[in-house]
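Please construct the entire structure, taking both the sequences and the accompanying hints into account.
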Amino acid sequence: MEVPILKQGFYLIASIQSALTDADLSQLREALVARVGKFRARGVIVDVTALDVMDSFAVRTLRDLAHMTRLRGAETVIVGIQPEVAFAMVQLGLTLKGVATALDLEEGLVFLDRQVKARSDHV
Amino acid sequence: MSDELAIAIASDVDVVSARQHGRELAAEVGFSAGDQTVIAAAISEIARNILNYARRGAITLRIVLDGDRSGIIIVASDQGPGIPDVPRAMQDGYSTSGGLGLGLPGARRLMDEFEVVSAPRQGTTVTMKKWKRKHG
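Protein chains in written order, with numbering that gives the first Met the number 0: chain F, 0 to 122; chain R, 0 to 135.
A few of these clues could be false.
Unchecked claim - Using C-beta positions, here's what the derived DEER-type ranges look like:
#1 R:64 to F:1: 38 to 48 Å
#2 F:69 to R:9: 48 to 58 Å
#3 F:66 to R:9: 27 to 37 Å
#4 F:48 to R:84: 36 to 46 Å
#5 F:17 to R:89: 24 to 34 Å
#6 R:31 to F:112: 32 to 42 Å
#7 F:103 to R:118: 30 to 40 Å
#8 F:66 to R:133: 24 to 34 Å
#9 F:117 to R:10: 37 to 47 Å
Since the hints were made in silico from the structure, they are not lab data. Think of the CB as a built atom: it goes at the ideal place given N, C-alpha and C, for glycine as much as any other residue.
Below is the structure:
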């Protein structure tokens with residue numbers, strides 16, 4: 000199942016709608032890394048609210064996605080990790096270290112606005 | 000209760016199917032939403048191990064009743080190359096597939112009972128159980 004990617008201003012928003020296979024997750028990673036260039040995006044939000052499970056493959060793929068988009072100049076934030084999913088992730092030893100997370104879409108947008116502003120203030 | 004559900008694992012779609020069936024069965028037993036997710040995550044890890052190391056195998060899900068407690072038993076079996084060093088494979092971060100090396104040790108942390116039987120060229124069988132907590 001392909002994940003729809005919306006463009007909103009300088010941001011790309013990928014909203015996962017259902018459980019994803021490994022191939023779906025890899026495809027999402029490729030699509031977002033490519034579209035950061037196509038749309039000149041500054042930020043990416045991946046909404047995982049609907050993900051049933053975050054296992055080691057999902058975490059590795061999302062972490063790679065975040066690092067790859069950062070190399071392309073866009074910050075990624077993962078939003079919507081459910082409490083029970085977070086619990087299982089920690090038990091598994093999965094932490095998403097080095098990747099920004101936020102409670103929900105709204106908080107994710109606030110985070111990106113702050114990141115983008117901090118970057119442009121630097122220039 | 001003798002109803003048993005066997006799911007063939009041969010592609011990444013089967014991994015999703017196995018963990019979804021596991022979650023449904025866990026809900027049937029009366030596990031909390033949190034425990035259902037924990038069980039689904041453990042199934043996801045060991046089902047992916049089958050794909051990565053043996054290419055194909057099966058996951059069997061069963062409800063267990065033992066006296067006044069109930070739970071779920073999950074058996075993952077394959078006829079793959081087997082694990083030459085099981086204690087080492089149970090260590091965090093040890094992987095021969097390029098993964099994170101959290102599959103087996105991670106799944107063990109999620110479950111109450113965990114057993115790996117494997118020998119080179121004789122395949123691998125992972126048996127794991129989770130018991131429902133009596134209160135809550």
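Hints and how they fare:
no. : hint                       : result
1   : R:64 to F:1: 38 to 48 Å    : 42 Å, holds
2   : F:69 to R:9: 48 to 58 Å    : 36 Å, violated
3   : F:66 to R:9: 27 to 37 Å    : 31 Å, holds
4   : F:48 to R:84: 36 to 46 Å   : 40 Å, holds
5   : F:17 to R:89: 24 to 34 Å   : 33 Å, holds
6   : R:31 to F:112: 32 to 42 Å  : 37 Å, holds
7   : F:103 to R:118: 30 to 40 Å : 48 Å, violated
8   : F:66 to R:133: 24 to 34 Å  : 44 Å, violated
9   : F:117 to R:10: 37 to 47 Å  : 43 Å, holds
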